[in-house]
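Q: Produce the complete structure using the sequences and hints provided.
Protein chains: 4
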Amino acid sequence: MLYFASDYMESGHERIFRRFLETEGEHLTAYGSDKYCASAAEKIRAACACPEAEVRFLSGGTQTNQIVIDLLLAPWQGVAAAQTGHVNTHEAGAIEWSGRKVVTLPGHEGKVDPADVRALMELWRADGSREHIVEPGMLYISHPTEYGTLYTRAELAALAEVCREYRLPLYVDGARLGSGLAARGTDVTLPVLAEYADVFYIGGTKCGALFGEALVFTKKNLPERFLTRIKQHGALLAKGWSVGLQFDELFTDGLYEKLGAHAIDMAEKLKSGLAAKGYAFYIDSPTNQQFIVADDALLQKLDGEVLYGFWEKLPDGGTVIRFATSWATKEADVDALLAYL
Amino acid sequence: MLYFASDYMESGHERIFRRFLETEGEHLTAYGSDKYCASAAEKIRAACACPEAEVRFLSGGTQTNQIVIDLLLAPWQGVAAAQTGHVNTHEAGAIEWSGRKVVTLPGHEGKVDPADVRALMELWRADGSREHIVEPGMLYISHPTEYGTLYTRAELAALAEVCREYRLPLYVDGARLGSGLAARGTDVTLPVLAEYADVFYIGGTKCGALFGEALVFTKKNLPERFLTRIKQHGALLAKGWSVGLQFDELFTDGLYEKLGAHAIDMAEKLKSGLAAKGYAFYIDSPTNQQFIVADDALLQKLDGEVLYGFWEKLPDGGTVIRFATSWATKEADVDALLAYL
Amino acid sequence: MLYFASDYMESGHERIFRRFLETEGEHLTAYGSDKYCASAAEKIRAACACPEAEVRFLSGGTQTNQIVIDLLLAPWQGVAAAQTGHVNTHEAGAIEWSGRKVVTLPGHEGKVDPADVRALMELWRADGSREHIVEPGMLYISHPTEYGTLYTRAELAALAEVCREYRLPLYVDGARLGSGLAARGTDVTLPVLAEYADVFYIGGTKCGALFGEALVFTKKNLPERFLTRIKQHGALLAKGWSVGLQFDELFTDGLYEKLGAHAIDMAEKLKSGLAAKGYAFYIDSPTNQQFIVADDALLQKLDGEVLYGFWEKLPDGGTVIRFATSWATKEADVDALLAYL
Amino acid sequence: MLYFASDYMESGHERIFRRFLETEGEHLTAYGSDKYCASAAEKIRAACACPEAEVRFLSGGTQTNQIVIDLLLAPWQGVAAAQTGHVNTHEAGAIEWSGRKVVTLPGHEGKVDPADVRALMELWRADGSREHIVEPGMLYISHPTEYGTLYTRAELAALAEVCREYRLPLYVDGARLGSGLAARGTDVTLPVLAEYADVFYIGGTKCGALFGEALVFTKKNLPERFLTRIKQHGALLAKGWSVGLQFDELFTDGLYEKLGAHAIDMAEKLKSGLAAKGYAFYIDSPTNQQFIVADDALLQKLDGEVLYGFWEKLPDGGTVIRFATSWATKEADVDALLAYL
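Going down the list, the protein sequences come from chains A, B, C and D.
Quick note on the working numbering: the first sequence kicks off at 73 and runs consecutively.
Quick note on the working numbering: the second sequence kicks off at 73 and runs consecutively.
Quick note on the working numbering: the third sequence kicks off at 73 and runs consecutively.
Quick note on the working numbering: the fourth sequence kicks off at 73 and runs consecutively.
Simulated from the structure, these hints should not be mistaken for lab results.
Zero decoy hints are in this set.
Below 27 Å or equal to it, Euclidean Cα-Cα: the simulated DSS-like pairs (lysine-lysine) are:
1. C/K402 / C/K373
2. A/K402 / B/K107
3. A/K330 / A/K341
4. C/K107 / D/K402
Which chain C residues stay away from chain A? Per the calculated CB distances, all over 12 Å, these:
5. A229
6. Y238
7. R297
8. K330
9. G345
10. L374
11. G389
12. D405
13. D407
14. L413
Note that the Cβ used here is the ideal one computed from N, Cα and C, for glycine as well.
A: Here you go:
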């Protein structure tokens, strides 16, 4: 079997597990107050060139999104997001379960256009009934998006500009940030994210970690009583150091970057190979998710031999499928996939 | 420094970390559908002598309590618990945050008396205004309790009996179950728990795991759409196998039992030593938490040398403090503590 | 000033106030258990030709929508509604505040198309990730819609059919039902609604009542512990009879019908007059809300003389405005408005 | 039948209904922006000698309590209340349903002792685990209490003092305030309440109104976006004037005071009569709720002839029952009850 279904279906990186082993016999303080969380935070601040950043560690993406949205919004506000945003589509209603509305914006290959944000805010402000309408109180974007696309630095700057104008915190979901940072030609780096985003998270689960995400508040805007509030959400880990240590290792000797770069190398090889063979891409993705349009013959060929992701059925009968590479994808597997196709 | 502050402030067991290392290069399906979760569940079912049990894995205790209570109650019900129960005192309002009331019962050294449950239910039933009163819809107990005490098998049977009579699911919080099962003289085993409890969890975080709890539904009562609902709570791990594998190891060659037994051995040694030196116990605890009454001189002596838990100030000026042993406590540290006192 | 801004900005009907006066000195049981609620429910059952209907009385529309959606959905479900539905646009996030997602469907002049419902359900069912996607668990429609349009009996039947196929309760928001029932040419009557809807409410606030809505469960589907659950929502009135009595009067001698018919008569007169004067309608509404496209000159002319509702700004610079008639609109005012324009 | 079961089981006052009639044909702006709400607020400010008070009108007591508690607390806080407080006992979990914990204090004949508040706060502050414990964020008291008892001015001052010290807003539930203000010997007036309470409500439902409560914010502390937030709670009335007008009438010519005084007159007459006949009082209540201890013979005698409230069963077999008088109780009925006993 060839595995291209997703990027969270492999184990974690060996170096992380070795670090766990090295902790044998250690006494570690609880709830994230330990030395590994401190060290990881320090390394992340350095990588972000943002000395005032406050870093916290959580277990998973939906949990992180739910917490950020709940804690940053006023009770009468909702979060603006692309119609295709993960918080709107694939989080089982976790945002609404915690009381918040997702106010949808058009998605442009997964991305949000500043003009749409402006229009939304102007509409709300101009509406005589706005007291009856959920006020958009922050902007959620993902980078890479759910379609593998990336913002440019200029696009992030433009979003940050419109957000500042309307006082919307800009939150960037970086579940696949490792792949995004390593994409060829991108000018979005961690310092760029730290400059434009008010909050973002660096995804660990999909980039070598066993589990865990690093949440970065860049503007001295850590919500009050953070520890208590994440405990209300069931998200406080007694052994918080278990996430801190993983990020401490990921941010040692550029491991996080290397893992992202590997995912991109594999994706680029796959992309070139698919293009050479004449496959039609559904979208031009520069990251580790590659979407092609498959006919039924191809689907049959893949069946039982290649694991991939089903994306959507097109009106003309074609099927959009996704091949995802990861930090752990073997080059031999990419070769085998291309050979098989 | 001597470490007796709590039982979740050491790393995880080496064997678990070695198992993580062995997963290098593996492909593992997501969300708990993997082979390690399956294997762990099978071993737990065997250990519980409960072949029909359904086992699920979550990250931490408060999260597990919040989920069990939310999913087992009808929307108009609350959970009955001892005034001193963890869900009532130390979960930052996580139960209420998810919409549920904790209906309190008297605590008897941390334990719930069946007569109090009966009285609560009869009061509710007899009340002409009961439609305006939260109906107790399940019973929460902890074993060991927050005071280190244990139920006997007969006591559990009596609670199960009254719960059955009033159709209250009986839920046992086993955050420290490892220590409870290993306590000297206890007749409560995993099969006993599986017989009397409708749901219980086997605590991993405080018994050698890096993190994680194993939730056991014993009566074919797994709540509908469990996966979706824990995702709403932000509790679904992409790499669910990371908890399953830990329990798979803990339930191999009796590791879980051995770790619990070690904690008890250390606690018993400490208890005897403290008694021999004439220290006054606040409560007679058969498990890994030992509570003594300290005067100011003792507190001063401990300061900076021994880490312990502050419990409460007594009216007469004494202070209840807690020494906790764990699966990782070194015998030399117990000796050193006793020598120092 | 001429008043055409909305249909809830006049007092209540004199006959209702006289009924209140007649209760002087009466003893009335609490929480809706009184004789007036019983009598009103009986009359509504008769008007609906639905002897098994269960009728309950609430204070207002958003409260009613929040309660119906919360009580009819399973915890993992959301409510499907047109993008333009009131629950999605103008309820300040009350649906999400109580934990539920609104899953949006295209709006066709405010109406929902059965084909869109089918497509939504098929998409959800076919999606391999559906456990991560909110399951649509009921269908919300409004009749009349937010654009004044009406379903035909055949359209309701088709919606009910698709809802039955996918086991979605069909809920009809009848905030303006009085006007809808009286519209010319409609074949949707109360018995038709009772046949096709699983739940609907008969709006009182906008049809002569001081406040209050009558909620009708038509399929022996009154949610369990209804009284307790609406109290949790803060919606239980001690003097529940205060709503029951109003509906008792509204359903005496056809008052509800007459008030709806008056609103329609006034709307039709206004509509003809506007058409005769060459005004452009934004939508062809058969009910008490009439939408025209105004230029700036018209807006200026209206300013300070006529109260109307602002609806939206069109791309070409025109403005959609709404004139609403009501049960209390004076014919002289319609004449005056037409004369003034 | 003689009616002494409660004080919300009679109609409303004739003068209120006449005012409703007088509104016939009026145009009234929506959501509480009307002239009647404005006039009622002005009269209440005057009666409270609190020109800066902000007054809002809601439908019922549980709704008001839920809203005040939700809006005044930070998300990590809970409300402190007597164990016997209405929010803890008889609101069907409405407080918890909106996410808030009720932190209980001892009840002293229904009242809260400042020393208990201080002890609670000091305990919380001193606890090393306080980040895991719900922080008490406001104090709820009722006046009269659920046992008919009253605070003195000095007691209120002492509570306000401890609340100020610990920055707890003091909230007074005045569901039965009409009776409380009229009690013999009380030195608590509306200006006294306005001085010491940060928020309180003046109960209308139990003092002549058809429905409705007047919520008074005395310290320029109206929560932000009040209208939007009460709409999220389903509590915003389109015809908000329907409550405002009632309070406008209740605060005209001292009607509210007179109705309260009548309830007290009837209660005092009943109390003296019962005392003369040798009945044992369970508690010495100065307000409209009178609690006596009944034996089985008395219960049998009352059955079918007198409506009363069941309160609780005493250990010795006696039964506490409540006779409630109201603004509408007829003196002849008190005479008849006394004659019958």
